[in-house]
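Undergrad: Protein chains in written order, with this note's numbering: chain A, 57 to 395; chain B, -12 to 259.
Just so you know, the hints here were simulated from the structure itself, not pulled from any lab data. Careful: at least some of the hints might be erroneous.
[To be verified] Reference excerpt, derived from the structure (chain A facing chain B, CB under 10 Å, subset only):
1. ASP97
2. ARG100
3. ALA101
4. GLU103
5. ARG142
6. LEU145
7. ASP236
8. LEU274
[Stated by the list, open to error] Examples of chain A residues lying across from chain B (beta carbon under 10 Å, computed):
9. THR107
10. GLU108
11. ALA196
12. GLY200
13. ARG245
14. ASP279
15. ALA290
16. LEU297
17. ARG301
18. SER339
19. ALA370
20. LEU390
[Unchecked claim] Take a look, some chain B residues computed to stay more than 12 Å from chain A by CB distance:
21. ALA50
22. GLU129
23. GLU145
24. HIS199
25. GLU230
Think of the CB as a built atom: it goes at the ideal place given N, C-alpha and C, for glycine as much as any other residue.
Here are the chains, one letter per residue:
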Amino acid sequence: MNDAGPGLGDRSRPRWTLAVLALLWLATLAGAPLLGSHGLDLGRAFEAGTTEATILWQLRLPRVLLALAAGGALAVAGLAFQTLFRNPLAEPYTLGVAGGAALGAVLALHLSAGAVAAGSLPGFTLVAAASFAGALAASALVVGLALRPGGIETGTLLLAGIAVSFSCSALILFLQYLADFTQTYRIVRWMMGGLAVAGYRDVGWVAAWVLAGTALVLALRWDLNLLLTGEELAASRGVDLSRVRLLVLGAASVMVGALVAVTGPIGFVGLIVPHMLRRWAGSDHLFLVPACLLGGGAFLALCDLVARTIMAPAELPVGVLTALLGGPFFLWLLLVRRR
Amino acid sequence: MTAGAEAGGTAGGAPLLAARGLGWHAGGRRILGPLDLDVARGESLAVVGPNGAGKTTLLRLLAGLLRPSEGEVRLAGRALAGHSRKALARRIAYVPQLRPIRVPLTVEAVVLLGRYPYLRAFQLAPGPRDLEAVAEALRLAEIEHLRRRPVEELSGGERQSVYIAAALAQEAEILVLDEPTTHLDPRHEREVAALLPRLRREAGRTVVTATHDLNFASLTASRIVALKAGVVLAAGRPAELLEPTTLETLFEAPFEVVRGGERPVTLLRLGP
């Protein structure tokens, strides 16, 4: 038996993977705020009142924290969707959940336009609530369309996700058309997905929802492991499929809704990260869920580091960068699966 | 418990599983029933019939995986619908037809998942009772040597044994198997055929199998039910049911039956 714990096969590799990811996560948290388009003199950054201190503590640190929380949430939601729907291409972006959240948020921004001050998003809770409602409505619609008496039809699920995404994009364009010039600019910029707006209050909100959602997914890990063996077998073992679907969709919608309200839709993190991590952490959700939380966070924070330095002093929205990476990755998955 | 049941049938004592007026419709079409069927405690019942006769549907209804369109199934006198999913899983274990699904878990992990109806959401690791059941299931299915192997690397026969072991770890008194020998070569078919009576004897399980392999049914069943177009055509011990006239009505093909005591051998006949 050597290191193997009771029951679930070799556990030393997933454990090592988790340890390495935890170190990477901490290194990102410590290192990423120090790097950027503007070089930081460390001594001055720790002195109160200096420009460097403002950059480090007020701009970069909350931004890195938001990236860690958002990336983790996207990866955990992507993982849960992939297992639940037995489809490697499922994630919040492809299933229209992110689109629904974005539509909800834009609608809230538009309706509360009078109260919006430049540079920040007041009424955060209204936008977040609308974004959450949008995420939940979109996922319920997509799953409802794909649900057959024999279970979820995964092909229909993805098509429904794409259709819902398109419809949400079209409605967002319509709202933009109605909006004035400044509003339009802000919506467009926000739709690209970025982490620049972060203040500590936003970070706190997002982190709280992300932790709650991840805890729920982790509590479902026996159910998710069983779903790997097929829906019919899972049901015969006592898994209440509709309950698990409802809980996973709820958890993912809460997480995605909370972060889309702040960051805008950021695509493909939920696709790339779980696939990369399965190779090292295995498929047992006991390890894979925390691995996705840590790995997804580090991945998005590092992407954001690249996005804000590669074209310095200009900044690339991080959503553009993840989409540039994710598109080819999606195609690669399609090709691999066909074989 | 098993001695009297060898004769099969439902004589004496309440049946463990009882279907009454059971029927199932899909898309406005009747797939199954209405039919009555009793499964006695400790018996090994084989459901045989041609493709599309409704064997899988019947098994899924008996296992509580489908809700009947009409009638009901009772487990020890209580309707299945009155049990929670987990409570049902502690009493009925189901092994579906083998599908080409890639399962990226080890044999041990899959068998452990048979313990799901006994696990709690926030339980970090399986308990000693769970590990005992897993070890016992691996032993009964004779796959202890495979425990660390990923399931997706195994042959069809080995995978079938893994799913049977997972169902055993579930420690349910009733085991329902859908086409357990499809895709298996004779050696692996023989292993499964030898396993089923052993489960009955050593572990006191009641077994219900669907198959269109008549010889497998003859080897493993204490009673056979012939299903055609969704209704019961005939039922009886292998020696009673496996005779040319019944089989020809059932499958619309000519058969020859070689008498082998209680376990006759059936042959498909080509000539007139």
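Undergrad: Hint by hint, say whether it matches the structure.
TA: Evaluation of the provided hints:
About 46 Å separates the beta-carbon of ASP97(A) from the nearest beta-carbon of chain B, more than 10 Å, and the hint is not met. Here the hint on ARG100(A) is broken, as its CB sits about 47 Å from the closest CB of chain B, past 10 Å. Among the interface hints, the one on ALA101(A) is violated; its C-beta lies about 41 Å from the nearest C-beta in chain B, farther than the 10 Å criterion. Interface hint at GLU103(A): violated, since its Cβ lies 46 Å from the closest Cβ of chain B, which is beyond the 10 Å cut-off.
For ARG142(A), the shortest C-beta to C-beta distance to chain B is roughly 8 Å, which falls under 10 Å, so the interface hint holds. At about 15 Å, the closest approach between the beta carbon of LEU145(A) and any beta carbon in chain B exceeds 10 Å, and the interface hint on this residue is violated. About 50 Å separates the beta-carbon of ASP236(A) from the nearest beta-carbon of chain B, more than 10 Å, and the hint is not met. For LEU274(A), the interface hint holds, since its Cβ comes within 10 Å of a Cβ in chain B; the closest pair sits about 9 Å apart.
The closest approach between the C-beta of THR107(A) and any C-beta of chain B is roughly 48 Å, which is over the 10 Å cut-off, so the hint fails. About 45 Å separates the beta-carbon of GLU108(A) from the nearest beta-carbon of chain B, more than 10 Å, and the hint is not met. For ALA196(A), the interface hint is violated, since its Cβ never comes within 10 Å of a Cβ in chain B; the closest pair sits about 22 Å apart. Annotation: interface hint on GLY200(A) violated; nearest CB of chain B at approximately 19 Å, more than 10 Å.
With a least beta-carbon distance of about 40 Å to chain B, the hint placing ARG245(A) at the interface is violated under the 10 Å criterion. Interface hint at ASP279(A): satisfied, since its Cβ lies 8 Å from the closest Cβ of chain B, which is below the 10 Å cut-off. Hint on ALA290(A) holds. Least Cβ distance to chain B is approximately 8 Å, under the 10 Å limit. Given hint, LEU297(A) at the interface with chain B, holds; its Cβ is 9 Å from that chain's nearest Cβ, closer than 10 Å.
Checking ARG301(A) against chain B by beta carbon gives a least distance of about 14 Å; that is not within 10 Å, so the hint is violated. Nearest Cβ of chain B to the Cβ of SER339(A): about 4 Å, under the 10 Å cut. The hint holds. Residue-level restraint check for ALA370(A) is violated (minimum Cβ-Cβ distance to chain B is 43 Å; threshold 10 Å). At about 16 Å, the closest approach between the beta carbon of LEU390(A) and any beta carbon in chain B exceeds 10 Å, and the interface hint on this residue is violated.
A beta-carbon of chain A is positioned within 12 Å of the beta-carbon of ALA50(B); the least distance is around 6 Å. At roughly 19 Å, the least C-beta separation between GLU129(B) and chain A is larger than 12 Å, which holds for a residue marked as non-interface. For GLU145(B), the condition that its CB be more than 12 Å from all CB atoms of chain A holds, with the nearest at approximately 15 Å. Non-interface status of HIS199(B) relative to chain A is upheld: no Cβ of that chain comes within 12 Å, the nearest being about 20 Å off.
Taking the minimum C-beta to C-beta distance to chain A, about 34 Å, the non-interface status of GLU230(B) holds against the 12 Å cut.
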